[in-house]
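Asks: Residue numbers (this note's numbering), protein chains in the order written: chain A, 33 to 462; chain B, 771 to 1146; chain C, -18 to 164.
Hint data in this document are derived by calculation from the structure and do not stem from the laboratory.
Calculated cross-link-like contacts (lysine to any residue; reagent style SDA-like; alpha-carbon spacing at most 20 Å):
1) C:124 / C:137
2) B:863 / B:1010
3) B:825 / C:114
4) B:825 / C:130
5) A:111 / A:96
6) C:124 / B:1098
Please read these numbers as outputs of a predicted model, since none were measured by experiment.
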Amino acid sequence: MRALAEYLAASWQLSPLGRELLSAGLILLTAIVVFAVALLIAALLTWLERRVAGRVQSRVGPNRVGPLGLLQWLADGLKMILKEDVVPAAADRPLFLLAPYPVMIGVFAAFATVPFSQLLIAADLDVGVLYLIAVTSLVVVGILMAGWGSNNKWSLLGGIRSAAQIVAYEVPAALALLSVVVMAGTLSLQSIVAAQGGWPWEWYLLRTPFGFVAFFIYFTAAVAEGNRTPFDLPEAESELVAGYNTEYSGIRFGGFFLGEFANIYLMSAIASALFFGGWQIPGVTPAEQVGSVWWQALGFLVFVAKAGVGCLVVILLRWTFPRLRVDQLTALCYRYLAPGAFLCLVGNALWIVLVPAGSLFERMVGYGMTAVAAALGLWFVLRMRRHMVSTGDRLDLDLFARGHTRAAFDPAWQARAYGRFRRRRPGEAS
Amino acid sequence: MSEIVETAGREELILNMGPHHPSTHGVLRFVLHTDGEIMRLARPDIGYLHRGLEKLAEGQSYPGYLPFCDRVNYLEGIFCEQAYAMAVERLLKIEVPPRAEALRTITAELNRIANHHICLGCISMDIGAYTPFVYLLRERERINDLMEALCGNRLTYHYLRLGGVAHDADDAWLKNALAFVDKFERVIPEFESLIGKNEILVRRLAGVASICGADAVAYGLVGPNLRASGVDWDLRRDAPYSFYPRLSFEVPVGKGERGTVGDCYDRFLVRVEEMRQSCRLVRQAIEKLPAGDIRAKVPRVLKIPAGETYACVEGARGELGVYLVSDGSDKPYRLKWRTGSFAAMSIIETVSRGLMIADLVALIASLDVIAPETDR
Amino acid sequence: MNPTEIQERLGQRLGASLECGGAGADAFVIVPAERWLEAARALREGEGLDFDYLRSLTAVDRPAEGKIDVAAHLFSYKRRHALTLKTRLDRAAPRIASLGAVWPAAHWHERELWEMFGVAIENHPDLRHLLLPEDWPGHPLRKDYAMPERYQGIPTRRPAPLAEPAAGTGPTNTGPKNPPEAP
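Chain A with its partners taken away, still in its complex shape (with noise of 0.2 Å):
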């Protein structure tokens, strides 16, 4: 972005306030290709969550507005938009309506130095971690307005409850991305997918055993700050109607949600990036992928791989789990995370003193963690293909799938299943 700018003033030679000037206009653009990118990230969850929610509950899902319900998104998005924006008159009402912008500035701000490729990235900050973990924290300051602002009481349950969570939860997440700053000797995100490689091995997450606790410990985290199952209390429907945004509707409403699910897609991002090598395409140093466009393709399409991978992990959790208590969150958090992405950071630290980078010793744990999480994944899927037996069950996996293709709801099949009745009269022979 600044050669561009250098490259723009020098060739149309302007003068230092037209140089600014130019500066300033480009700044404005990539913010709002970035707002408009996580704005459309956000709209596709919105749909992936639907979706896969109804594969999970033996629904089909949204499938009505465009191919798949592909353009669901739009239509609700629409719908937002041309709804009233009612405030409640007894609202404090500058805080209400402000509330929805520091969750959405929080989210989308963030998204600024979310390296989708090698050279795809707004702005590679040197602080880049600090820069994300400061401006996360945002949405808090918007969660507690709206909640206190609504003058309802469940809003304003709502909006302590996730004050008191995300506080809490920032210290173990921060923690476990110290961790990889730790290992990696600098915070800018760039630099620390390109401390990586491409093999799983090389990743941060299987380099060291801290690594692999620290991401359990930043995703569990990440999910608790993203007020999502397990960890959905402030909006937890069957206890608080619908926690901080009971009282929004409309557009605003709509702001907290896209926040909610630009957030999913930026801690996956985050995790992509820090623990899993984020562009890194295995076999093809980072030397090589700057020179190519098709290696900077690939490199991009591995991270949103990875990503969506992350997504998906999120959304079928908050359609298995129940929810935690208040006091059971807050003790998860302060008895075992926090200690242990403190465990993690040390750990970490003892490990780059100790260890010589590039010995046999640190390349042997690598591929020794490689094997184990294998082991762990197919023991998963082991268990899971068990359980499908023992009830008969298929693997649904197709979701594409339409309407028909699931013959569940099908009265062809429920006459096979059940025969076709003729109700008899009272007395006649059965």
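Given the coordinates of chain A, work out where chains B and C should sit on it, guided by the hints.
Replies: Here is chains B and C on its own, set in the frame of chain A:
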């Protein structure tokens, strides 16, 4: 926040939960006095679904009141019909043909399974897991289909008649009912491993809102709620009626598996086990189904000799009783419903003290209270 | 214990001969209204009686006799026997003692009894309306109850949907622009 009141140096927040709140099943309302998340008091306010079913009975003929019975509790219509029919039959001194009794038992047990589907689904849904609820509703559809095939209705069955049942079941139906039971018995372990043994669910339910046996009896809790508190009592076994004397089954009792006896998790487990026993009962009743009439001779214009009786059945929520007073005319003189939810609702105020808001939701769901039954 | 024995034992404890009736599970005993609580206590705590479970508590209005019959259906899990405890109240001024101290379950039943039959409950800790709104007039389960035509300005009856509406009796508009006519 004008309603923050200060009492005895403590600040309390008065929260209004319901009548339209996602976890108040049906339409009911709680007034909560909370200190942060902890409740000092939860006071139920019922009556939003009061339809005057007892007063309505005084204007209906005896057979004409049967369809109203389904509306006492739309989730256990057969039991309501059966309690009413038993009261009338006892006053009339009619003998119900054995085939009709067996059919009543089969449909009642299917109804019990359907009801427990809703209850267990609601417990898991109120705790935050949606998917088990949907799975159970999917299985429940099969029961609804069966009932629709038998009597034409999916929810408010109106299947029983005074002195028998409305329609006979043919072999195809019985085969399908057996097929459902076979399938469903495989689904129960799957349900258990999906949600029943989920650590989060266990921790949300175990040790929460325990009701000891003495309290349960004193407040008149019945059915699964009573048994979860460790009181081994089941009308089907201990005061047998209908076809039950000829069937064998076990009565599950709460043991405090993961927490204390009578906690929410015990109420959950007792219901899961009851579904299993209901499957056994359906299977046995179908095997032993006697041939013969499905309805006793009942005069068209029904006049019942003056008298009174209290008839009760073991419904899905426990003892469901009808107190019927007749004055010799063709209409009930007075009819009183004694329902399980009414008692369960009255204990909530006592039990809920000191719980968290999230626990109250679990308590309501695990007591399986349902508004139409309390309000009648 | 069979019903006759229960009735005899209760009679002994109260020191009076009681009116009995019914058979089997529907056996009942009638006690004077002023000894209602005493009889309940005797049944709950009496040797060999142990009625620990109050099934239901309700009333029957008998305007012809000028009485309201209150009936409590009792059961004992310990002894496995049942009894209906009854009393007859004066319909003009029905009053009865609360059984809440004996069986906590009675509290809610008594609230219903009070609002549906107008039976005054003595010593009830929390006598509020249970099923009906706080300001609902009358006692619906009495035989001579007449439903009020309007409740807070809202008609309680709706015209038959198929009948031709008479002039001025169309559907009531209750929106802000169409305030309901004064009751």
